[in-house]
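Start from the sequences and build out the full structure, keeping to the hints where you can.
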Amino acid sequence: MELRSTIKSFFFFLRRKKVQKLPDEILELILSRLPVKCLLNLRCVSKSWLTLISRPKFVKLHLKQSVQTKINLSLYLSCINRPSSFYRVDFDSLEKNDGYLQPVEVNYNPLSHLDNRTNIYGSCDGLICISNSMDIVLLWNSSTRRFLDRPSSAMVEFARNSNLSQYISSGFGFDNKSYNPLRRQDNGTGLERFSEGLVCMTYTLDIVVLWNPSTRKSIKLPQVSVEIPNQSYRHKYSTYGIGYDETNHDYKVVRVVVVLGDDIYYEVHVFSLRLNLWHKPKKYSDHHPDLESLKTVIAGGAMHWMSVGMDNKRSILAFDLGTETYRVIQHPEYRDLDFSSSLDNLGGCLSLTCHYHSGIVDVWVLKEYGGENESWSRLAQNIPITYNYVVKSVAYSKNGKKLLLRKHNSLVWYDLELKSLENIRFHAGENNYPFKFEVIDSCLESLVDVNVAEAG
Amino acid sequence: MSSKKMITLKSSDGRIFEVEEAVAQESQTIKHMIEDGYGNSVIPLPNVTGRILYKIIEFCTKHVAVEEDIKQKSVEPTVVVEDVKQKSVEPTVVEDVKQKSVELPVDDDAWDAEPSDIDEWDAQFIDVDESTMFELIVASNYLNIKRLMDLSAQAIADMMKDKTVEEIRKIFNIQNDFTPEEEMKIRNENSWAYE
Numbered sequence: 460m461e462l463r464s465t466i467k468s469f470f471f472f473l474r475r476k477k478v479q480k481l482p483d484e485i486l487e488l489i490l491s492r493l494p495v496k497c498l499l500n501l502r503c504v505s506k507s508w509l510t511l512i513s514r515p516k517f518v519k520l521h522l523k524q525s526v527q528t529k530i531n532l533s534l535y536l537s538c539i540n541r542p543s544s545f546y547r548v549d550f551d552s553l554e555k556n557d558g559y560l561q562p563v564e565v566n567y568n569p570l571s572h573l574d575n576r577t578n579i580y581g582s583c584d585g586l587i588c589i590s591n592s593m594d595i596v597l598l599w600n601s602s603t604r605r606f607l608d609r610p611s612s613a614m615v616e617f618a619r620n621s622n623l624s625q626y627i628s629s630g631f632g633f634d635n636k637s638y639n640p641l642r643r644q645d646n647g648t649g650l651e652r653f654s655e656g657l658v659c660m661t662y663t664l665d666i667v668v669l670w671n672p673s674t675r676k677s678i679k680l681p682q683v684s685v686e687i688p689n690q691s692y693r694h695k696y697s698t699y700g701i702g703y704d705e706t707n708h709d710y711k712v713v714r715v716v717v718v719l720g721d722d723i724y725y726e727v728h729v730f731s732l733r734l735n736l737w738h739k740p741k742k743y744s745d746h747h748p749d750l751e752s753l754k755t756v757i758a759g760g761a762m763h764w765m766s767v768g769m770d771n772k773r774s775i776l777a778f779d780l781g782t783e784t785y786r787v788i789q790h791p792e793y794r795d796l797d798f799s800s801s802l803d804n805l806g807g808c809l810s811l812t813c814h815y816h817s818g819i820v821d822v823w824v825l826k827e828y829g830g831e832n833e834s835w836s837r838l839a840q841n842i843p844i845t846y847n848y849v850v851k852s853v854a855y856s857k858n859g860k861k862l863l864l865r866k867h868n869s870l871v872w873y874d875l876e877l878k879s880l881e882n883i884r885f886h887a888g889e890n891n892y893p894f895k896f897e898v899i900d901s902c903l904e905s906l907v908d909v910n911v912a913e914a915g
Numbered sequence: 299m300s301s302k303k304m305i306t307l308k309s310s311d312g313r314i315f316e317v318e319e320a321v322a323q324e325s326q327t328i329k330h331m332i333e334d335g336y337g338n339s340v341i342p343l344p345n346v347t348g349r350i351l352y353k354i355i356e357f358c359t360k361h362v363a364v365e366e367d368i369k370q371k372s373v374e375p376t377v378v379v380e381d382v383k384q385k386s387v388e389p390t391v392v393e394d395v396k397q398k399s400v401e402l403p404v405d406d407d408a409w410d411a412e413p414s415d416i417d418e419w420d421a422q423f424i425d426v427d428e429s430t431m432f433e434l435i436v437a438s439n440y441l442n443i444k445r446l447m448d449l450s451a452q453a454i455a456d457m458m459k460d461k462t463v464e465e466i467r468k469i470f471n472i473q474n475d476f477t478p479e480e481e482m483k484i485r486n487e488n489s490w491a492y493e
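From first to last, the protein sequence lines are chains A and B. This note's numbering applies: residue 460 is where the first sequence begins, and numbers increase by one. This note's numbering applies: residue 299 is where the second sequence begins, and numbers increase by one.
Calculated directly from the structure, the hints in this document are not laboratory data. We treat Cβ as the ideally placed atom computed from N, Cα and C, and that holds for glycine. Fair warning: there could be bad hints in the mix.
One side of the interface only, derived from the structure: several residues of chain A facing chain B at Cβ under 7 Å [as the list claims (entries may be wrong)]:
| # | residue |
| --- | --- |
| 1 | R502 |
| 2 | V504 |
| 3 | V727 |
Laid out in structure tokens, this is it:
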């Protein structure tokens, strides 16, 4: 048996002309053009190939190639009818836009087992930041000043069915040792007391995950708590953004949490992938994030969000990921003050999509970021979209000639040269409901590792 | 005819090629040699065989012509041995008189091809066997001709996409130095990718 296969291989070799062994630098040139799935396969070709494909230098090269050629650029979206699931559409089909598009369900979504809606908070270098929430019930023993780890199912049921939820803020973490929920009571209502001094609370805990859909690896971020000062609270809003810190060669997730009570209180947290730790940078004094458009956008190595000052005027705040300092970015010249806006990332640049009450949309892009000549340039103007829709810019087409806009739950192409709109239609989803999505983001392919513990 | 400066190149197997300076300068390596003052003598290229250098010159000539917007019916490096095929603006291959006759590419149809699109021309140019593709990428890397490096890298990548791991090993002449257990472990890390 062995002799036969040896002879067979021998003749195979004879037939095929032997090629010279390629040096690593040339191998890198070739392999960086392959899709991720292929490269993951090729890891077992030989030890030297495994080393080559896994090392950070190659990951960067492959990423650069991915950014340049936009091969395998995809749109990830969620569907209203299946809130925790994700669907995927590749940009080639999106741009061709002939007929009805069929998004494919992504069945390796790490948060699909949860009940609530999975949110997408942006992508960076092939990593997507997603979150979902989990309802948990906690019992606080006011005498021992400790949480009970395992409430009985009866208590859990009680908590869920009571009207506690209107008083309980959603989603802040807790520190077993110092957290005292009794501080958060306003006048004794809102927390139900059981016997033995037990207090029952329901929380909605944010589960945040960094996910590389190309390698199908993900990492759950550690819980982070919010120190709310002594006041009552009603609602909590949080948003996340992911970006790359050039200075420290690190991927960072920025979390902005706003708690509404008697006052508006907020916190900023920054997660470092390299250190696997959250920390709290300084806040921008006398400002708080604008609740109407709570969203962070990465561009130019900084995270941006709309901020409101003491004078109630809105500013565009930039938080540099490397230096962790803030600066205010000038507004573009708006037509009038009757509009809603959305900060987005277009082709790596900060963009502002302004939707005026009069029914037109302007899209601005910030050029020469951080330089002396930093200024807003109008990419598109007078796009006719009636005001009932929320409009956001999603991405450029591969050739840069069209702009993908999100109009509430649907997508539309705006041709920058022809100045025309083109609807994108999706096949009906399950039960023939029209496919309407909630959240959406574009993401390219990369080998970037979510378990990076060293310099990228 | 034109009074363009000609550069003389010598392949590893001793074949001499005379090309226009603009064509030679498509190679950053040769360009630097010219800038360093070696343009007036024969430039030896010990890492490139005559057969491959011939193809590379064909590529560079075509691209220079396209850039200069000169319309050419075909790109044919002329071989000056005894019969001289002259066309208006063309690179000349000056055969070393002591050498044997020049081998022309096997596929003569390549010379008659008239793709209107340079991408089509490139696609036809790179439509060669694996061994030649490998030689082209190594040579274009040594000569630092970015466009050809990209073209050949992409062609090899495209060829690789639907091959199995075993086939890749054979094509690239690689020995599997994993134990079966080690290989299984790696496959299991991304088992979905092997479906």
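Going through the hints against the structure:
Hint status for A/R502 relative to chain B: holds, with the closest Cβ pair at about 5 Å, below 7 Å. Against a cut-off of 7 Å between C-beta atoms, the interface hint on A/V504 holds, since the closest Cβ of chain B lies about 6 Å away. The beta carbon of A/V727 is not positioned within 7 Å of any beta carbon in chain B (closest approach about 36 Å), and the interface hint is therefore violated.
Of the numbered hints listed earlier, the single one contradicted by the structure is hint 3.
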